[in-house]
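Student: The lines below spell out each chain.
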Amino acid sequence: MNGLNPNAASQAAGALESGYNFAYLDEQTKRMIRRGLLKAVAVPGYQVPFGGREMPLPYGWGTGGMQLSAAILGADDVLKVIDQGADDTTNAVSIRRFFARTAGVATTTRTPEATVIQTRHRIPETPLHGEQILVFQVPIPEPLRFIEPSETETRTMHALGDYGVMHVKLYEDIATFGHIATSYAYPVTVDERYVMDPSPIPKFDNPKLHMSPALMLFGAGREKRLYAVPPFTEVVSLDFADHPFAVQRWEENCAFCGSHDSYLDELIVDDAGSKRFVCSDTDYCMQRREPFEPQQEVGQ
Amino acid sequence: MSAAELIHGAAVELDQPLFSVHDLTRLYGPEKGCQGVSFDLYPGEVLGIVGESGSGKSTLLSLLSGRCAPDRGQVSYRGKDGAMLDLYAASEAQRRTLLRTEWGFVEQNPRDGLRMGVSAGANIGERLMAQGVRHYGQLRAAGIDWLQQVEIDPMRIDDLPRTFSGGMQQRLQIARNLVSSPRLVFMDEPTGGLDVSVQARLLDLLRGLVRDLDLAVVIVTHDLAVARLLADRLMVMRRSHVVEAGLTDQILDDPQHPYSQLLVSSVLQP
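Each protein sequence line maps, in turn, to chains F and R.
When you line the first sequence up against UniProt numbering, it's residues 1 to 300, in that order.
When you line the second sequence up against UniProt numbering, it's residues 1 to 270, in that order.
There are no misleading hints in this set.
Label pairs and their computed distance ranges (CB to CB):
| # | chain 1 | residue 1 | chain 2 | residue 2 | range |
| --- | --- | --- | --- | --- | --- |
| 1 | R | Y28 | F | Q84 | 53 to 59 Å |
| 2 | R | S266 | F | P149 | 38 to 44 Å |
| 3 | R | Y28 | F | Q248 | 54 to 60 Å |
| 4 | R | R162 | F | D76 | 57 to 63 Å |
| 5 | R | D112 | F | V247 | 34 to 40 Å |
Part of the chain R face toward chain F, derived, beta carbon under 10 Å:
| # | residue |
| --- | --- |
| 6 | A93 |
| 7 | G117 |
| 8 | Q131 |
| 9 | Q138 |
Hints are computed from structural coordinates only; laboratory data are not their basis.
Computed from a predicted structure; not experimentally measured.
Backbone N, C-alpha and C define an ideal beta-carbon position, used for all residues, glycine too.
Chain R on its own, in the form it takes in the complex (with noise of 0.2 Å):
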């Protein structure tokens, strides 16, 4: 193969989308939920999920990631051998191994995603133990390079995550996801909860691993400047459906849907 074809090749990769969802609904009742939500998601973009509570963001994310059936609509995922995968034909099996290697999911509260009765470096070795790799030394250099990146002590490998404040619980949430290298990562609120330098901290944190590792990132926060900082993209919801989409700076700065104004114009000024 020649080069050109190599960069050719590399190109057609990046031109077909990672993640693609059709029509993807799921209503509680009229209005609650989500509803009609058709995306792309191409490697290494970042796309933002905004709304007001009970908009459905977090419905949404939940079926993005496999975690409950969609009513309609279809979700598929291109694997790392290049194949799509259709999420909700897929077995729970291949779901689960999924959700474990090529994905990750970074929960808002990091109690939700975190053991929190095992050390800090069980907790970045778990991925890594459930696909096999059956070595100490290796899991335990894992997990010292990664309390490094995400900027933990890597004194406390042995502590357990209820003696680690909110911010470095949550930056452990990080590396427990990357440390499989992931090539898709979903995020609830991953900053809300924690106080604004922290916040600020762990989104630099978040940008530059991002940009590193080029990760795909679906994000669902409320806050604006989050959504500025981190996406690419962004979707604003309301009442189940998204009534607009389009590139952050465009959204933030020109909102068309009345909603959307609202949204930006309601962000505090200090």
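Next comes chain F alone, as it looks inside the complex (with noise of 0.2 Å):
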């Protein structure tokens, strides 16, 4: 159940079908992607509009981020897939099964392997390195959106950097709850310029996105945006002076490898309501518990 292993992975990905293009899409479309990647790279945090082709997967199951991922892959890449923190989860092994056929790239659920991670709600705990792609699938990419449904009216608002009213919701946060309560989908400010929806992962991973080495790209299909965090630019998460930006912390350890600085996901295990916290980043899980587990009781 907490992760598989990397080899039986690679042999439920399945072989490479024929009929495919290279990673699905036509190479036009990928060369329109690549372009509007190359300014949103040079736009730290700015969303570029693309034109977002029809995937064979509804929206809202990640076709924004399997389009980025399909236009950066290389033959050579090794392609780890997330869904919330799992790599076992429907959505993380049908993504990563799809790109295995239709690209035939070598996959793998071990995060320092992996050249390009798709990820939905998390950033690994394992520190990430400059060899490495973050791709994430993006619900809604305008942080303005909750305040101003007009989207002429939140473009003129990026373009002008009138951001004050990104504050309004925080204040509002302290005033209902008597701390910001916002805990995932926490707006950031990246490279002192554009504020930017760092997708729904938890606040809890919003440092792990300022200064990081690895690329990351933001992919949002249904409202066709992308953009991206260039390697070792500043993103800073909003806060008031008095109220500053803070992260989740937990009094427990996880269950299984008994880290007590990862995020840890609370599970209802029986009728009676027993609790047990475990991580929610499975291979980060795995990777702490090897040293000490026999490898055959994994993936049971």
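Relying on the hints, combine the two individually framed chains into one complex.
Tutor: Structure, rendered in structure tokens:
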């Protein structure tokens, strides 16, 4: 349950299918997306529109991230796909298998071995390095949308750096709950210019965006926008002087690996309401357990 | 700098118009819109614009406040630094900054001027946040202070505006605009849609604030009583033209233009 054997993952991924172009999308589309990506990297945090294509799965399942992955994948790349931190959920397994079959790329669940990591909701706990690219699946790319429904108006606000309203939401949080209760999709300022929605990652992961050695790409399939945080870019979470940004902390440790500094999921394990806390990042949890546990118990 | 020079400097400041309008025109059709409007507004002065529905009052107000571009004419504003800024030659960024710092705009319907989805405190604090105040305690204090100034119970700072009565919403909108200490406020029928006793209290409040804060105000109204109470000067508009302009008492007591005479004589006496 708690992670797949990397070899098993490669086997389950299936063989290369004939009849598809490399990584499913046609070359013109990939070129168009790459042009968009170059612009996004040149203007950190700026949302670049792109002509999103129909993908063979519904919007909301990661079509934006998949199009970006398809555009940047090379034959030598090693792909890892995470969904809510886990490598073994339906969405992660399906997308990994999709690229194994349409591009024939190697896949892995191990963060350090991957060169392209497509993710939904989490940034891996294992620190990323400069040879890696992280691709986020983004549902709502516009951080101003909750307060300003008009697209023309939000674009003008971005152009003019008119970001006062972003703090209105944080103010409301403190007024209602006594602290900033926004815990995911927590808005950030990228490179002292654009305010960006870092997709629905928990705010626990926001500090990992700051000065990351890995390139971060964000793709929104339904909204047809892509944006990027280049390596070693300053990413600052919005806050108030007397209510500074802070990440979640747990009093418990992971029930499997004992980690006390990773992002923990709370599981209800029986009808009596007993709780266990486990790492949301299954690969990180596995890596920490491997030295202590025999290999064959893994995955049962 | 000597005291005499200081006084002299202040006098020069008051001598010069805060807001200057020349030949402002925007027409949607023949005599629809407003045309050929020119006036100067001095610091602390209240200018009333009266006229019947469709006479171009609101169009004129939109033009003055930088909300829609004129066909012809010029609007200039003297900023805090003393330099004249040509409103429609300035960049949109400058216009927006002006609208949320040194200017205010009170809409006829408070629902248009307020953010109905966020609390009263956030509504008041929004301008401050846009100006870069990043201290929750200060925003909170400003919110409570301004609720008191517009006679709303400070306990209601965390309530949504839609739980407020119409008069309270209008007062909240005024607080939201005045929190950034603007020098010039535009008001579009601020007392429209309120019953008479609430109107009277709101007018009383407005008059106090205008005097205390030394605000320059351009107020559009079709209610001559409101104009008499608040305005120092009046402009009467009809069919896109300004037909008469002058001191409020002079126009209301001794109207010269036939339309002004009609307007003044149409007021019902209870």
